[in-house]
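*Asks:* Assemble the whole structure, with the sequences as input and the hints as a guide.
In this text, residue positions in the sequence shown follow our numbering: the first is 931, and each later residue adds one.
I should point out that these hints are in silico values taken from the structure, not numbers from a laboratory.
Okay, derived cross-link-like pairs now, DSS-like style, lysine-lysine, Cα gap no bigger than 25 Å in a straight line:
#1 Lys1004 x Lys987
#2 Lys1006 x Lys993
#3 Lys998 x Lys987
#4 Lys982 x Lys932
#5 Lys1004 x Lys993
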Amino acid sequence: MKYLIIILTLVSAGLIISGFAFELENSQKLIGSGVAVLFFLVFPIFSYYRWKDRDVKDYMLTKENLDKMRESQKEKKY
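*Replies:* See below:
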(Lines of atoms letter the chains of each structure in order from A and count residues from 1; the text may use other names and numbers.)
(Lines give C-alpha, C1' and ligand atoms only; values in the text may rest on other atoms or scores of the structure.)
Protein backbone atom coordinates (compact mmCIF):
# COMPACT_ATOMS: atom_id res chain seq x y z
CA MET A 1 0.00 0.00 0.00
CA LYS A 2 2.84 2.35 0.88
CA TYR A 3 4.56 1.74 -2.44
CA LEU A 4 1.32 2.31 -4.34
CA ILE A 5 0.95 5.70 -2.65
CA ILE A 6 4.54 6.63 -3.50
CA ILE A 7 4.20 5.53 -7.12
CA LEU A 8 0.91 7.39 -7.62
CA THR A 9 2.38 10.53 -6.02
CA LEU A 10 5.38 10.41 -8.33
CA VAL A 11 3.16 9.83 -11.37
CA SER A 12 0.93 12.78 -10.51
CA ALA A 13 3.95 15.01 -9.80
CA GLY A 14 5.47 13.92 -13.12
CA LEU A 15 2.26 14.77 -14.96
CA ILE A 16 2.05 18.19 -13.34
CA ILE A 17 5.72 19.01 -13.94
CA SER A 18 5.66 17.80 -17.53
CA GLY A 19 2.55 19.88 -18.15
CA PHE A 20 4.34 22.99 -16.97
CA ALA A 21 7.74 22.23 -18.47
CA PHE A 22 6.84 21.19 -22.01
CA GLU A 23 4.88 23.30 -24.45
CA LEU A 24 2.50 20.68 -25.75
CA GLU A 25 -0.96 21.23 -27.14
CA ASN A 26 -2.48 19.21 -24.30
CA SER A 27 -0.28 20.40 -21.43
CA GLN A 28 -3.32 21.68 -19.53
CA LYS A 29 -4.79 18.19 -19.66
CA LEU A 30 -1.57 16.79 -18.22
CA ILE A 31 -1.70 19.24 -15.33
CA GLY A 32 -5.39 18.56 -14.73
CA SER A 33 -5.00 14.81 -14.78
CA GLY A 34 -2.04 15.04 -12.40
CA VAL A 35 -4.09 17.09 -9.96
CA ALA A 36 -7.07 14.73 -10.36
CA VAL A 37 -4.91 11.67 -9.62
CA LEU A 38 -3.48 13.43 -6.60
CA PHE A 39 -6.81 14.46 -5.10
CA PHE A 40 -9.06 11.58 -6.12
CA LEU A 41 -6.64 8.66 -5.70
CA VAL A 42 -3.58 9.53 -3.63
CA PHE A 43 -5.21 11.48 -0.78
CA PRO A 44 -8.05 8.99 -0.11
CA ILE A 45 -5.71 5.99 -0.26
CA PHE A 46 -3.23 7.78 2.02
CA SER A 47 -5.99 8.70 4.49
CA TYR A 48 -7.27 5.13 4.58
CA TYR A 49 -3.74 3.76 5.01
CA ARG A 50 -3.00 6.07 7.95
CA TRP A 51 -6.37 5.69 9.74
CA LYS A 52 -7.25 2.02 9.18
CA ASP A 53 -6.25 0.76 12.66
CA ARG A 54 -7.42 3.71 14.73
CA ASP A 55 -10.60 4.18 16.68
CA VAL A 56 -12.55 7.27 15.65
CA LYS A 57 -14.08 7.59 19.12
CA ASP A 58 -10.68 8.59 20.49
CA TYR A 59 -10.79 11.74 18.36
CA MET A 60 -14.42 12.73 18.96
CA LEU A 61 -15.48 15.24 21.59
CA THR A 62 -17.55 13.08 23.87
CA LYS A 63 -18.32 13.77 27.51
CA GLU A 64 -15.71 11.27 28.66
CA ASN A 65 -12.99 12.79 26.47
CA LEU A 66 -13.86 16.31 27.62
CA ASP A 67 -13.62 15.16 31.24
CA LYS A 68 -10.21 13.61 30.52
CA MET A 69 -9.02 16.86 28.95
CA ARG A 70 -10.21 18.87 31.95
CA GLU A 71 -8.47 16.49 34.34
CA SER A 72 -5.20 16.74 32.44
CA GLN A 73 -5.43 20.54 32.40
CA LYS A 74 -5.95 20.62 36.16
CA GLU A 75 -2.92 18.36 36.71
CA LYS A 76 -0.73 20.58 34.53
CA LYS A 77 -1.62 23.73 36.47
CA TYR A 78 -0.46 22.35 39.81
